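Q: Between the sequences and the hints, there should be enough to build the whole structure, so can you do that?
Protein chains in written order, with the working numbering: chain X, 1 to 490; chain L, 1 to 315; chain P, 1 to 227.
Keep in mind the hints are simulated off the structure, nothing from the lab.
Predicted model only: the values in this text are computed from it and were never measured.
It is possible that some hints are incorrect.
Here are the in silico distance ranges between beta carbons for each label pair [said to hold, decoys possible]:
no. : chain 1 : residue 1 : chain 2 : residue 2 : range
1   : P       : Asn218    : X       : Val416    : 33 to 41 Å
2   : L       : Leu266    : P       : Val196    : 51 to 59 Å
3   : P       : Asn218    : X       : Leu32     : 36 to 44 Å
4   : P       : Leu185    : L       : Gln33     : 20 to 28 Å
Note that beta-carbon positions come from the ideal geometry of N, C-alpha and C, so glycine has one too.
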Amino acid sequence: MTSLSLTLLTPLIGGLVLILMRSPGPAGWLNLGVSGLTLAGSLGLAWSVWHLGSVAGMGFRVDAFNVYLVVLTAFVGLTTGIFSRPYMRYVQASGRISAWSLRVYHGMYQAFMLTMLVALTTDNLGVLWVAVEGATLATVLLVSLYRTPEAVEAAWKYFILCGVGIALALFGTVLTYFAAQHVMADPGTGLTWSALYERSHDLDPTVMRIAFVFLLVGYGTKVGLVPMHQWLPDAHSEGPTPMSAVLSGLLLNVALYAVVRLKMLVDGSLAETATPHLAGALLMGFGLVSFLVAGLFLHRQRDIKRMFSYSSIEHMGLMTFAFGLGGPLATFGALLHMLVHSLTKSAIFITVGHATHVAGTQSIDRIRGLIRTQPAIGWSLLFGVVAIAGFPPFGVFTSEFLLLTATMQSQPWFTVVLLSGLAVAFAGLFRHLHPMVYGAAPEGQRPVEANMLPVYFHLGLVLWLGLAIPDVLSAWLDRATQLITGGHLL
Amino acid sequence: MSAWLVALLQALLYPALAPLLVGWVRKVKARLQNRRGASVFQPYADLRKLLVKETRVAHTASELFRVAPYIVFVATWLAAATVPLVALDLPIAAVADIIVLVGLLALARFFLALAGMDAGTAFGGMGASREMLVSALAEPAMLMAVFTLAMTAHSTSLQSVMAHHLADGFLLRPSYLFAFGALVLVALAECGRIPVDNPSTHLELTMVHEAMLLEYSGRHLALMEWAAQIKLLLYGVLIVNVFFPWGVGASFGALALGSGLAVVLLKLLVLGALLAAGETVLAKMRLFRVPGFLNLALLLALLGLLSHVILEVGA
Amino acid sequence: MSLTLLTLLQQFVLLLAALALFLSFVLLSQTRLIAAIRVFAWQGALVAAVTLTVALAGHAHHLYFSAALTLGLKAMLIPAMLHRMTRRLGLERQSETLSRPALVIMAAVVLVIFSYWVVEPMVANGLAFTRNIIAVSLAVVLIGLLMMVFRQQAVAQVLGFMSMENGLFLAAVSATAGMPLVVELGVAFDVLVAMVLFGVFFFQIRESIDSLDVDRLNRLTETEEGR
Numbered sequence: 001m002t003s004l005s006l007t008l009l010t011p012l013i014g015g016l017v018l019i020l021m022r023s024p025g026p027a028g029w030l031n032l033g034v035s036g037l038t039l040a041g042s043l044g045l046a047w048s049v050w051h052l053g054s055v056a057g058m059g060f061r062v063d064a065f066n067v068y069l070v071v072l073t074a075f076v077g078l079t080t081g082i083f084s085r086p087y088m089r090y091v092q093a094s095g096r097i098s099a100w101s102l103r104v105y106h107g108m109y110q111a112f113m114l115t116m117l118v119a120l121t122t123d124n125l126g127v128l129w130v131a132v133e134g135a136t137l138a139t140v141l142l143v144s145l146y147r148t149p150e151a152v153e154a155a156w157k158y159f160i161l162c163g164v165g166i167a168l169a170l171f172g173t174v175l176t177y178f179a180a181q182h183v184m185a186d187p188g189t190g191l192t193w194s195a196l197y198e199r200s201h202d203l204d205p206t207v208m209r210i211a212f213v214f215l216l217v218g219y220g221t222k223v224g225l226v227p228m229h230q231w232l233p234d235a236h237s238e239g240p241t242p243m244s245a246v247l248s249g250l251l252l253n254v255a256l257y258a259v260v261r262l263k264m265l266v267d268g269s270l271a272e273t274a275t276p277h278l279a280g281a282l283l284m285g286f287g288l289v290s291f292l293v294a295g296l297f298l299h300r301q302r303d304i305k306r307m308f309s310y311s312s313i314e315h316m317g318l319m320t321f322a323f324g325l326g327g328p329l330a331t332f333g334a335l336l337h338m339l340v341h342s343l344t345k346s347a348i349f350i351t352v353g354h355a356t357h358v359a360g361t362q363s364i365d366r367i368r369g370l371i372r373t374q375p376a377i378g379w380s381l382l383f384g385v386v387a388i389a390g391f392p393p394f395g396v397f398t399s400e401f402l403l404l405t406a407t408m409q410s411q412p413w414f415t416v417v418l419l420s421g422l423a424v425a426f427a428g429l430f431r432h433l434h435p436m437v438y439g440a441a442p443e444g445q446r447p448v449e450a451n452m453l454p455v456y457f458h459l460g461l462v463l464w465l466g467l468a469i470p471d472v473l474s475a476w477l478d479r480a481t482q483l484i485t486g487g488h489l490l
Numbered sequence: 001m002s003a004w005l006v007a008l009l010q011a012l013l014y015p016a017l018a019p020l021l022v023g024w025v026r027k028v029k030a031r032l033q034n035r036r037g038a039s040v041f042q043p044y045a046d047l048r049k050l051l052v053k054e055t056r057v058a059h060t061a062s063e064l065f066r067v068a069p070y071i072v073f074v075a076t077w078l079a080a081a082t083v084p085l086v087a088l089d090l091p092i093a094a095v096a097d098i099i100v101l102v103g104l105l106a107l108a109r110f111f112l113a114l115a116g117m118d119a120g121t122a123f124g125g126m127g128a129s130r131e132m133l134v135s136a137l138a139e140p141a142m143l144m145a146v147f148t149l150a151m152t153a154h155s156t157s158l159q160s161v162m163a164h165h166l167a168d169g170f171l172l173r174p175s176y177l178f179a180f181g182a183l184v185l186v187a188l189a190e191c192g193r194i195p196v197d198n199p200s201t202h203l204e205l206t207m208v209h210e211a212m213l214l215e216y217s218g219r220h221l222a223l224m225e226w227a228a229q230i231k232l233l234l235y236g237v238l239i240v241n242v243f244f245p246w247g248v249g250a251s252f253g254a255l256a257l258g259s260g261l262a263v264v265l266l267k268l269l270v271l272g273a274l275l276a277a278g279e280t281v282l283a284k285m286r287l288f289r290v291p292g293f294l295n296l297a298l299l300l301a302l303l304g305l306l307s308h309v310i311l312e313v314g315a
Numbered sequence: 001m002s003l004t005l006l007t008l009l010q011q012f013v014l015l016l017a018a019l020a021l022f023l024s025f026v027l028l029s030q031t032r033l034i035a036a037i038r039v040f041a042w043q044g045a046l047v048a049a050v051t052l053t054v055a056l057a058g059h060a061h062h063l064y065f066s067a068a069l070t071l072g073l074k075a076m077l078i079p080a081m082l083h084r085m086t087r088r089l090g091l092e093r094q095s096e097t098l099s100r101p102a103l104v105i106m107a108a109v110v111l112v113i114f115s116y117w118v119v120e121p122m123v124a125n126g127l128a129f130t131r132n133i134i135a136v137s138l139a140v141v142l143i144g145l146l147m148m149v150f151r152q153q154a155v156a157q158v159l160g161f162m163s164m165e166n167g168l169f170l171a172a173v174s175a176t177a178g179m180p181l182v183v184e185l186g187v188a189f190d191v192l193v194a195m196v197l198f199g200v201f202f203f204q205i206r207e208s209i210d211s212l213d214v215d216r217l218n219r220l221t222e223t224e225e226g227r
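A: What follows is the structure in structure tokens.
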């Protein structure tokens with residue numbers, strides 16, 4: 001419990017201090033320290049979960065599934081914090097934001113981490129909703145931080161679309177509570193996930209079916225599933241780059257986590273009806289459409305951050321498809337993919353942040369010759385894209401390979417679709433990547449001060465996961481798989 | 001046989017009482033405007049005056065122009081006869097239900113509009129076209145509103161609707177509330193009251209009902225005016241008796257009929273006063289706003305229908 | 001269950017819910033901002049009244065609190081904030097011209113029928129007498145959504161959003177006799193923060209496009225020429 005309170009209270013207090021603190025100098029360092037402390041707390045939490053099986057109390061419940069996301073969230077939060085300190089100072093020095101905006105940035109950064117962690121650790125579906133909505137509220141001001149017309153537009157779109165989506169999710173939550181009232185002896189526990197999961201077979205399938213559609217559309221908006229994805233490219237391209245990194249690396253994961261948790265309830269409820277796999281089929285449908293559409297959209301992007309946000313949609317679609325497919329192999333693959341995608345994509349966004357500073361623009365057409373001007377950035381971008389496109393020996397290859405194998409086992413025809421989708425996405429990424437990395441550098445393009453440590457660290461981890469998954473991690477993911485599907489892989 | 005007698009008596013009551021309601025509304029209105037106003041029996045005198053006056057017919061008018069007042073009067077009167085005024089269980093229910101009522105009113109309106117155009121004057125044609133615009137929008141709303149009532153009673157007969165309502169006792173039905181709103185709006189439009197039309201003038205360019213009657217005189221005009229008064233009474237009775245049916249005579253005894261009449265008169269007095277108050281407060285709206293007004297009526301009627309299905313039927 | 005089996009207080013709940021639905025329609029077709037804000041406040045008051053009456057009729061004491069919360073938040077605080085912002089933005093006399101209002105109203109009617117169709121199969125086994133209201137609350141949610149889609153004015157879109165939340169409050173009361181307290185407080189807090197942020201955005205939008213007509217926010221598109 002202490003490590004849980006450390007994990008949750010640190011960003012809360014840190015965020016408050018950061019927004020009240022007047023001097024901008026140490027804010028970046030403090031942000032870093034708070035993130036580090038959060039990571040320490042989350043590691044402690046992981047340690048106790050590893051030994052006890054699960055930690056519960058005060059309406060929170062941490063098991064193998066969410067603790068791995070908690071650690072991932074805290075970790076990416078820390079590394080992005082390392083990147084964001086010099087980056088935001090550079091932005092402020094260039095006069096794009098005021099000192100007050102920087103304070104808002106740091107405060108909201110921690111508020112966002114808090115909502116993510118609460119959403120992951122809570123056992124209450126209502127609190128989950130509140131936290132996910134809170135994440136929108138915390139990030140929406142950050143998207144419009146630069147105050148350009150484009151940024152304001154992106155933020156408004158983000159706010160409205162996610163607000164609508166999340167409202168539908170609340171309706172689904174209400175319906176779930178409605179179904180629970182027939183089953184639960186104590187109506188107060190009607191939104192407690194663990195209590196509901198125990199009795200999920202008794203939940204009324206008619207109600208749960210309708211509830212899940214609302215929940216999927218609602219949280220699916222946050223996952224960025226097509227056709228509710230419209231906000232995502234805008235918010236990623238117009239917000240500050242550290243924000244894009246945590247949005248892509250963390251927020252999408254958390255929303256997907258919510259969907260998977262709810263799918264577990266619905267699966268239990270529908271098990272004895274004529275359509276036991278309805279939830280899975282819906283996830284597969286949405287996931288596949290997102291995967292394919294985003295892959296095609298990759299080709300026509302002209303903004304580098306926009307392009308990578310479409311790549312995020314593509315990968316979230318793939319994971320959604322895999323969770324929908326079900327079964328230990330697909331679920332294991334999806335969990336691994338969540339991990340490697342988060343690490344790779346945040347590394348890419350960090351690199352892109354530096355690259356845009358080098359070129360002074362986000363337009364793909366005008367970013368040229370990175371490898372000549374600043375080899376570290378050029379090589380990182382190259383390796384990042386190679387990793388995200390699913391090349392061996394990186395970890396994304398491993399998880400995609402597992403997913404394809406699982407698809408081959410249960411739905412062979414979809415393998416063809418997935419493979420062609422991957423090929424399309426690969427082509428889309430590389431046709432833009434090549435000139436950016438290798439093209440002739442424009443006159444006067446100078447290297448910038450860049451902290452590439454987080455990128456190396458992330459890419460190194462992804463490479464490690466691709467070469468050999470450590471036993472601890474595979475056992476851990478296997479436990480999570482068992483929680484979700486009831487079956488072992490190893 | 002006595003049932004038919006009551007029905008006949010009730011049918012006769014309509015033309016007899018109609019001018020009184022108009023007189024009452026005018027009186028209250030005058031009082032509200034700090035005028036003394038004419039006696040409540042003034043409409044009777046007006047009708048008598050028109051009936052004895054010479055009847056002139058425009059030389060451009062056809063036969064239709066002469067026949068129309070009789071058709072309009074009879075159709076409106078027949079329509080009124082189907083609405084229970086003082087007693088239920090009348091044999092006329094077997095012959096005529098709500099749809100017949102709406103049909104008879106439509107027939108009257110059709111001939112009124114034709115007659116308006118017949119003389120070939122500009123005002124008549126304008127009035128007729130406006131009347132048809134109003135009715136085209138009001139009629140669906142009216143039908144929808146009465147269907148809401150009919151669905152509750154499982155019958156399109158007005159008497160069953162009232163009987164069902166009486167048997168249920170006092171219920172807060174959302175659908176009735178909406179249907180009530182719709183019917184009031186429709187009645188205002190159909191009877192040419194403020195805010196849709198101004199009944200007290202025929203000197204406005206935007207008038208509707210009076211424009212069609214401009215060419216009429218004497219006996220013909222009396223019949224047309226009388227029909228309009230019956231129509232107002234009809235809608236008034238429809239509103240008070242369907243939504244507040246309490247007090248209507250349950251048997252054909254003299255006492256029941258007498259008290260039924262007294263109660264319905266009382267309800268009509270209240271309604272007339274409310275109408276007069278409303279007309280004093282509101283201003284006539286511009287003609288192109290009228291479709292919006294009637295769309296609201298249609299929406300209310302639709303919501304009545306939907307809320308009946310959603311809220312009252314239950315699964 | 002038939003209406004005749006309900007007490008007068010319970011019938012009153014249905015009546016209030018029906019009126020809240022009607023106000024959704026009024027809100028949808030109200031072009032003047034100030035009047036629309038007033039309609040929204042009344043809708044919030046109706047939702048609070050539904051909550052209060054359910055509490056009275058069902059002796060559910062915890063609902064008194066949420067009725068007070070709804071009344072304070074939805075009928076007073078948020079309308080007051082919106083009102084103040086409208087004044088500060090100089091939009092008191094703003095009225096929007098709607099394209100095809102009748103069509104939108106018809107679409108809203110279709111949404112009501114749709115929500116009935118969606119909810120109908122699960123209403124059958126509801127426990128409370130308020131279960132019929134679930135369809136109404138879903139309709140309020142969807143009409144709010146419709147309003148956000150077809151209004152171009154930022155304040156009107158926010159009104160649509162807030163009226164969606166009204167529908168959700170109504171759903172929580174009607175389907176389940178109120179959510180747990182912590183959730184209810186959390187939702188209320190989120191709504192309040194959202195309102196504050198909307199206020200910030202009104203000024204940011206006006207600063208950037210010199211108007212609150214959100215249709216002019218069209219720089220970010222997928223078309224090649226758009227950039």
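Q: Determine for every hint whether it applies to the structure shown.
A: Structure-based check of all given hints:
{"no.": "1", "hint": "Asn218/P to Val416/X: 33 to 41 Å", "result": "holds, 38 Å"}
{"no.": "2", "hint": "Leu266/L to Val196/P: 51 to 59 Å", "result": "holds, 55 Å"}
{"no.": "3", "hint": "Asn218/P to Leu32/X: 36 to 44 Å", "result": "holds, 39 Å"}
{"no.": "4", "hint": "Leu185/P to Gln33/L: 20 to 28 Å", "result": "violated, 55 Å"}
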